[in-house]
Amino acid sequence: MLKAKSLAAFSLLIALSLSGCGETGTVSTNLQPSQKDQIEVKSYKIGFIGPLTGNAASYGVEMQRILDYRLAEINKENQKNGYQIELDYEDGKCDEEVATSAFEKLTNIDNVKFIIGGFCSSESFAIAPMLQDKGVIAISAASSNPDIEGKSSNLFFFSYKY
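Quick note: the sequence shown uses my numbering, first residue 24, plus one each step.
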């Protein structure tokens, strides 16, 4: 459990670091006197693909809880800097076909450019071939199949090597 929490926190840290590479919010100088202290907040979307239902749901749901908890704290702090992070969760069910559909929704409809996941190796294998074509980066905190290495230059995972 501690390992999953550490990996989730590390994944969110990486996601937040990468999200800072885009546009940032700016302070508007053409505001009314009562609005001068308000900052326009830019929102960055990050996708998540993991098992939210099915046999491995306890892992995916726990990761979702950890990310949501930390995200609230991070957004509260960073809104004054003009940005916030939105997480869009998709259920991958540790299934290749479901993960592919989740990836397509996140990239085509939600326009995310960064994904936390796949959580399961099967999800990571499924999305790996599509990452580069879509210009998306994915980071997996839990995929452990060593054959994932080299499947995409846009897929990063934290797993031990055999």
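Any given hint could turn out to be false.
To be verified - PhoX-like cross-link-like pairs, simulated, lysine-lysine; straight-line CA separation at most 20 Å: (1) Lys-65 with Lys-103; (2) Lys-68 with Lys-128; (3) Lys-128 with Lys-103; (4) Lys-157 with Lys-128; (5) Lys-136 with Lys-68; (6) Lys-99 with Lys-65; (7) Lys-136 with Lys-65; (8) Lys-99 with Lys-68; (9) Lys-136 with Lys-174; (10) Lys-174 with Lys-157; (11) Lys-157 with Lys-68; (12) Lys-157 with Lys-136.
Stated by the list, open to error - Pair ranges (Cβ atoms, derived): (13) Val-84 with Asn-168: 29 to 39 Å; (14) Asn-168 with Lys-103: 14 to 24 Å; (15) Glu-172 with Glu-120: 21 to 31 Å; (16) Phe-179 with Ala-80: 29 to 39 Å.
Source of the hints: derived by calculation from the structure; they are not laboratory data. Ideal Cβ positions, reconstructed from N, Cα and C, are used throughout, including at glycine.
Going down the list of hints, with the structure as the test:
1. Lys-65 with Lys-103: holds, 11 Å
2. Lys-68 with Lys-128: Distance ~13 Å between Lys-68 and Lys-128 Cα, so the pair holds.
3. Lys-128 with Lys-103: violated, 31 Å
4. Lys-157 with Lys-128: Holds, because 12 Å separates the two Cα atoms, which is no more than 20 Å.
5. Lys-136 with Lys-68: holds, 8 Å
6. Lys-99 with Lys-65: holds, 13 Å
7. Lys-136 with Lys-65: Given pair Lys-136, Lys-65 holds - Cα atoms ~15 Å apart, limit 20 Å.
8. Lys-99 with Lys-68: holds, 16 Å
9. Lys-136 with Lys-174: Within the cut-off at roughly 18 Å; holds.
10. Lys-174 with Lys-157: holds, 15 Å
11. Lys-157 with Lys-68: At roughly 15 Å apart (the allowed maximum being 20 Å), Lys-68 and Lys-157 satisfy the hint.
12. Lys-157 with Lys-136: The hint holds at about 8 Å.
13. Val-84 with Asn-168: 29 to 39 Å: This hint is violated: roughly 22 Å between Cβ atoms.
14. Asn-168 with Lys-103: 14 to 24 Å: About 42 Å separates the Cβ atoms of Asn-168 and Lys-103, which means 14 to 24 Å is violated.
15. Glu-172 with Glu-120: 21 to 31 Å: For Glu-120 against Glu-172, whose Cβ atoms are near 23 Å apart, the range 21 to 31 Å holds.
16. Phe-179 with Ala-80: 29 to 39 Å: violated, 24 Å
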